Amino acid sequence: MASSQKHVFSLTGVLYQLERLEARDQRSAKPQDEHQGLQDSETDLEAKIRKLRKLRDELRTKVKLHEASARIPITNLEPYEPLKNSEENLEMKLEKAKAFFQAFHLTGLSGKLTTKGVCICFSTAFEGNILDSYYVDLIIKKPLTIHRHSVPVFIPLEQIAAKYLETNFQHFVYSLSEHLNAYSGRKYQADQLQCGFSAFLARPLQRNSLCTLLSFTYTTDPSGKSFPFCARLVYQDLTTTLPTNVTITYQGTGATPASWEDQRAAHEPLFYKNALYKVFESFLRVREN
Amino acid sequence: MDEIVAEFIRRTILKIPVAEIGKILRIWNFLSESQLKTINLQQCKENVSQDVVELCKKKRASMKEAAILDIIYHQTCQIKKIWIVYKMTKAPGEEVDLSDMEEFKASFKKVLQRALKNVHISFRDSEDDAVWIRIAWGTPYMKPNQYKTTYVVYHSQTPFVFISHCQIKKYIPELWQALMTAGNYHKIRQMELRSLYLDSLKAIVFKQYNQDFQTYYLTPLEEENSEAEIVDPRIIHENMKEKERIQRVTRETFGDYVQPRIEFAQYKLETKFKTDCKNGILAEREEPFRCLVKFSSPHLLEALKSLAPAGIADAPLSPLLTCIPHKAMNYFTIREK
Chain S
1 MASSQKHVFS
11 LTGVLYQLER
21 LEARDQRSAK
31 PQDEHQGLQD
41 SETDLEAKIR
51 KLRKLRDELR
61 TKVKLHEASA
71 RIPITNLEPY
81 EPLKNSEENL
91 EMKLEKAKAF
101 FQAFHLTGLS
111 GKLTTKGVCI
121 CFSTAFEGNI
131 LDSYYVDLII
141 KKPLTIHRHS
151 VPVFIPLEQI
161 AAKYLETNFQ
171 HFVYSLSEHL
181 NAYSGRKYQA
191 DQLQCGFSAF
201 LARPLQRNSL
211 CTLLSFTYTT
221 DPSGKSFPFC
231 ARLVYQDLTT
241 TLPTNVTITY
251 QGTGATPASW
261 EDQRAAHEPL
271 FYKNALYKVF
281 ESFLRVREN
Chain F
1 MDEIVAEFIR
11 RTILKIPVAE
21 IGKILRIWNF
31 LSESQLKTIN
41 LQQCKENVSQ
51 DVVELCKKKR
61 ASMKEAAILD
71 IIYHQTCQIK
81 KIWIVYKMTK
91 APGEEVDLSD
101 MEEFKASFKK
111 VLQRALKNVH
121 ISFRDSEDDA
131 VWIRIAWGTP
141 YMKPNQYKTT
151 YVVYHSQTPF
161 VFISHCQIKK
171 YIPELWQALM
181 TAGNYHKIRQ
191 MELRSLYLDS
201 LKAIVFKQYN
211 QDFQTYYLTP
221 LEEENSEAEI
231 VDPRIIHENM
241 KEKERIQRVT
251 RETFGDYVQP
261 RIEFAQYKLE
271 TKFKTDCKNG
281 ILAEREEPFR
291 CLVKFSSPHL
301 LEALKSLAPA
311 GIADAPLSPL
321 LTCIPHKAMN
331 YFTIREK
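Residue numbers (this note's numbering), protein chains in the order written: chain S, 1 to 289; chain F, 1 to 337.
Careful: at least some of the hints might be erroneous.
Stated by the list, open to error - Computed Cβ-Cβ distance ranges for the label pairs, DEER-style: (1) F/Pro288 <-> S/Arg148: 30 to 38 Å; (2) S/Asp44 <-> F/Asp2: 48 to 56 Å; (3) S/Glu22 <-> F/Lys110: 22 to 30 Å; (4) F/Lys110 <-> S/Leu52: 28 to 36 Å; (5) F/Ala313 <-> S/Asp25: 57 to 65 Å; (6) S/Leu15 <-> F/Glu192: 34 to 42 Å; (7) F/Phe289 <-> S/Asp44: 50 to 58 Å; (8) S/Thr107 <-> F/Lys110: 41 to 49 Å; (9) S/Asp25 <-> F/Glu287: 36 to 44 Å.
Since the hints were made in silico from the structure, they are not lab data.
These numbers come from a predicted model, not from an experiment.
Think of the CB as a built atom: it goes at the ideal place given N, C-alpha and C, for glycine as much as any other residue.
Please build the complete structure, drawing on both the sequences and the hints.
Below, the structure is given as structure tokens:
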């Protein structure tokens, strides 16, 4: 906490008395066992929180790896076999290198060498739409440092770098790419909702910088005949583009009508499983039918 | 309606340029469209503001609505206010939290009002998802002074806060405490960065000024037609090469786009005086020679960018000048290494 030291020079009088009282108070505050006991249990709880968070992160990575291993691994190459003809050797190497670059291009990662290191470009995309690109300029020396970057300030770049940059560079790139793609995807969904489906929104969309908390009031009928639904979408996991928590509440006065309840029960799972604009596209289709 | 509120609204309308009055009143959304139509914007400003005050009296505007009008005026028009950037840090081990803006506002208001009596706080969200906080300070014996206000601009989930230069300095610690508690931060410090242009400060600090990362792969510029005064082809070639080099270096340093706008950069030197002349009163002194160098310009970074191409300075420029946006500083203290 920002605090300033105050030096009060006083020789006599009220100020002097106050200083003495303050000093006495500070002295008596020091040896307090139960205060110490409370502090100890506080640090214990903090350590416990950190342990649980670590466990949660490990479980999340395990789930992700499990999902990823179900896909065809593009970086799995056959073991290298020495060929008789050295030219064929070279051609095969070239083909494999080209395949590598193609594969990495699909992931949106590319890099260029600079005078002091390398500049990595993270191109993000969501559901087939190409979105913003972000750059990280690294200087290759011990320790590896980030010279400049265009990553938004609310992406936890320092935390990801602190965890992986020195120890596991691939993981650093992968984790940052995950965060950036997820942020781009969430932002894209929020922007699409705000611009494309503003007729459905009774109140403008409210979001925070990371787009991990979206709150809006919508109706299924833009002409205003149906009841409004007040939705609050929470994205606890910074690396996902689908919400982890969806709450839909009733904003009007009086008891909630039964039809509203049915609709709410139908809408909630839609928000969990589909991108925002897809949900509203489905509302549009229902209305047109 | 209070006379104080009426006077405040009248004075606020007088400050707004005539072209913007209609727009701002519409954004304010306190007077209805039909009421707005009755205001003749062609008459002199005194009368316009009088009309607005009359309409507000009918609708019984309170200080709360008048404060919102003030915020909208500040958000829409370029007000000459110096903005200072502050950076908050979290305790180590804290994660990025969810940051509900409504909770932030409620918490901020609660903490500040608990610390200070008689403070008037208003909030308004801006288009770029930031919250503008307007604070009018009072004392335990005086109502808040609505004419000496402090503005705070905050984007959720970022550690940066922009505070307009506050004439009332004694409440700054309470303001910081409220910001840190509401935003869930641990420490706050003032950055060495200030300017009249809030948007430029945001661009620098959020790195939105299109830093050109492609500068490494650019081919040298195509040479434009230069005057054919000098006949010797070798001389022309040297000039061309030098020009190209300067352009390339300038491009690598500053990029292709418009720089963020700041008005000055200040360097406080606490280094020893260096001179070739061995005699002289300033030579060979142990104590540092303290001096202050201040560069000012309506658009400082663009001016620096044009120095080398104009031939006034050598390229590359001193890194002390070119690091301003990257380091997000325009106040420097340079000491002996």
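Now for the hints, and whether the structure bears them out:
1. Checking the proposed 30 to 38 Å range against F/Pro288 and S/Arg148 shows it holds: the Cβ atoms sit about 31 Å from each other.
2. One distance hint, 48 to 56 Å for the beta-carbon pair S/Asp44 and F/Asp2, holds here, with the actual separation near 55 Å.
3. In this structure the hint that S/Glu22 and F/Lys110 lie 22 to 30 Å apart at CB holds, the actual value being about 28 Å.
4. Our hint of 28 to 36 Å for F/Lys110 and S/Leu52 holds, since their Cβ atoms are close to 29 Å apart.
5. Against the hinted window of 57 to 65 Å, the Cβ-Cβ separation of F/Ala313 and S/Asp25 comes to about 60 Å, which satisfies the hint.
6. Restraint check, S/Leu15 to F/Glu192: a C-beta distance of roughly 35 Å satisfies the suggested window 34 to 42 Å.
7. Against the hinted window of 50 to 58 Å, the Cβ-Cβ separation of F/Phe289 and S/Asp44 comes to about 55 Å, which satisfies the hint.
8. Restraint check, S/Thr107 to F/Lys110: a C-beta distance of roughly 46 Å satisfies the suggested window 41 to 49 Å.
9. Separation of S/Asp25 from F/Glu287 is about 43 Å and conforms to the stated range, judged on CB atoms against 36 to 44 Å.
Of the numbered hints stated above, none is contradicted by the structure.
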